[in-house]
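**Q** Single-letter residue listing:
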Amino acid sequence: MEKNNEFMESVSKAIPYCALRQDTQYPELIVPAGKLHEAAEVLKNYKEHPFDYLVSLTAVDHLEKFTMVYHLESTHTHTMIVLKADLEDRDKAKIDTVSDLWITAEFHEREVFDLFGIRFNNHPDLRRFFLEDDYGYPLRKDFKDEVNIIEYPN
Amino acid sequence: MILDIYSFSTLTSSIDNSLHNMMSPWMATLTEFVLVGIVFLLFYALLGLFLVYLERKVCAVIQNRIGPNRVGRWGIFQTFADFIKLLMKELITIKHADKFLFNLAPFIVIIASFMAMAALPFAKGLQAIDFNIGIFYVIAVSSLGVVGILIAGWSSNSKYSLIGAMRSGAQIISYELSVGLSLLAIVIFSGSMQLSTIVESQADGWWIFKGHIPAFIAFVLYLITATAEINRGPFDLAEAESELTAGFHTEYSGIKFAFFFLAEYMNMFIVSAIAATLFLGGWMPFHIGGWEGFNQIMDYIPSILWFFGKTFVVIYIIMWFKWTFPRLRIDQMLNLEWKYLLPLNLMNTVIISFVVLMGLYFK
Amino acid sequence: MSEETVEKKIILKEEDDYIVNMGPQHPSTHGVLRLEVCLSGETVNYMIPHIGYIHRGIEKMAESDTYKQVIHLTDRMDYLSSHINNEAVCLAVEEALGVEVPERVQYIRAILDELTRIASHNLWWSAFGMDLGALTTFFYGMRDREKILSIFEESFGSRLLHSFNTPGGLLHDVHPDFRKHTLEYVKYFRKKLPDYKNLLTDNVIFHNRTIGIGVMDKKMAINYGVTGPSGRGSGFSCDIRKAAPYGIYDKVKFKEILYHEGDSFARYKVRMDEMVESLNILEQLVDNMPEEGGFTAKMKPVIKLPEGEYYQRVETARGELGVYIVSKGAKYPYRIKFRSPNFSNLFVLNTLSKGGIIADLVAICGSLDLVIPDIDR
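Protein chains in written order, with this note's numbering: chain V, 1443 to 1596; chain G, 27 to 389; chain Y, 2 to 378.
Everything labelled a hint here was simulated from the structure, so no lab data went into it. Every value quoted in this text rests on a predicted model; they were computed, and no experiment measured them.
List time: in silico DSBU-like cross-link candidates among lysine-lysine, alpha-carbon distance up to 30 Å:
1) G/K83 <-> Y/K198
2) G/K365 <-> Y/K198
3) Y/K332 <-> V/K1507
4) V/K1586 <-> Y/K61
5) V/K1586 <-> V/K1507
6) V/K1526 <-> Y/K305
7) V/K1526 <-> Y/K243
8) G/K83 <-> Y/K192
9) V/K1486 <-> V/K1455
10) Y/K219 <-> Y/K198
11) V/K1489 <-> V/K1455
12) Y/K355 <-> V/K1486
13) V/K1455 <-> Y/K220
Excised from the complex, chain V in its bound form (with noise of 0.2 Å):
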């Protein structure tokens, strides 16, 4: 636990504008969206155990905005670390990638460009993955399929 801590605070040293929670799960970092890559960086590069290993990209929609959620682990002591970016503008959702630093991002980031249409700044291959191009985006909470209607009594 103290080396922990140990860690926890030198990450918040190199990243000076990251809020910080530590009662959840995993030790959770969160960054403005426009910081995201360089914050990526940062792990990636850490020098005691350095987050080599993009475990899990994901996005959740909150409906007033959408967090990107990355579960990062370094495979040297099996740390691992939770960063998220909150996307406010629903309708324009932008990111940069982190593809550069974790190839599997590439594909996990179509993937939720496929589902949010979230888009990714400089990604090498922003094409829709399992859907057509003119279908709508699934995984947002305000998605309505035309075509099959399936409502379920929530």
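Following the hints, complete the assembly by docking chains G and Y onto the known chain V.
**A** Okay, now just chains G and Y, sitting in the frame of chain V:
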């Protein structure tokens, strides 16, 4: 000699005589052509069906299965049922395919294998044509099949077919050399290219025993290269189903597909029959020089049984290859031929020439 | 709309490239994966994977299902390790609720996990042999997998998609003969392993086809997020059972199989050794499995997760499965995300197969052991 009681020459010559008595000589020859043709067609179709059945049973045994067992006893009519099904299926014509070549290809393949059958000595006195260059003829004719395969691949207008045909072309042309060279071993030993002479030269022992080590090496090399030559076993790259779905016959359906299928099995029979004839004595019973009693007992087994017995042993070995080995890669296969098998074959040929020259084999 | 979504036209292929379509119906892609392969002769220039042929929107569906219903959806992702997928959701829910699961349940879950793993590797072995043209492997692998499926059938009545886990424990108790039959199976399979070795592992042609083919170094495996046996073949220590133990795994002695060559043969060897290791785990677990203790913890009939975010990682037969649940306190998950192993594993295929020939592409694709429904979800 006891051998003569099983000889077919009395039967064939009596048919020949009675035909000549009945009609003019050219008419008799024509009738003989037709008769032999019909017999071969029947034999070809029935043997093809039987080989398919055999393959299914052999692979079932190797794979812990029962195999076909519903149509007829032990499923022996299964392949007949399949054949009827194939006959009734629609012949799908492909858009933008070269129609003439597309329809021609299966016939070239099947004719090539059909022609090779003519020179095989099935039993004593049972051989359609006894060429004095029998082996040469068989090699020449059987390699015509690759033309059909290339045409099939090209005319199907399918990328899978084209890659399959190209693979097949590269493969057959390369392995043709080694097949020829390994057969040359026996030609050197027996001093003849005539199949009947070669069989008779093995009356006191088969070449694989008389020729000891070099002949055995030639036999093994022949088995490997012949398997490659007929696109089977670990060398079935032309129709590698996990890579090219079905290779050169992807686009064929119905009876045209059946032709390719049948030709593949008959080619297997032909290469096995050649192996049996050249290395294992053909229809000649198993004889050991000097053991008169033993040789006489062996003579009581009809020569046609000897021939088919030996052929099916070789066929079984070729099937065994197919169902146990993974498939080679195209570059590995060509490496194997050009870097290993061909030099080995050339060396073996030189050694055999030396052995024959010095008389170092069992006579 | 289309101009809007795709900002710039990405040129993937040139006009005169020789493109061969492998799939969506192709024997070696094991499902509806479509690979557009550009060839020059036999050499693969590049390869574009197209997925989404069986995208069912499991993540969207799960947003209107209760947690118990979500479990049934997870079966349909990686259908060969359905039990482990179930467990991921169950563990996430249990941790969120703070439920202590009886030890017996943890033992049974782990036994089933390992049986699932062996069954999955068995099927992979069968299919991998077929990819390389050794058709007989299929029947040997399926024969041994059948025994495991019989054990499953006996206890849960289903063979492939048995949603047997439920938050808090199991649906019902296992069959009385479960322990006996599992032990019998372990003995049986140990005897059958030499067959596997003789038929494929020691074959020279097989060595030629796999050794040095599709080499992926450790850095690349981590960068691409390739986990499971495929990652461990490159020396990437990514076994969640060791890294973040769940269930009973911290009490079991086993070693993580690591090979450092990173080629197709290393990936093959990892899986073969993992089957032996799973047998060792099974022996330990079956011997120590408590007879008493029930099959479920006390759970409320309607499960509502407290507000928050939960992430659970488990090791399926193909790699790391992550379940990320965002709850807003309702009985439905607000958002559920499955980080599926095959999704990440697939995309290394392009890099690995570049410059090889078609036959290599098939061998690499087989050695990565892809299950397509898991990619599409």
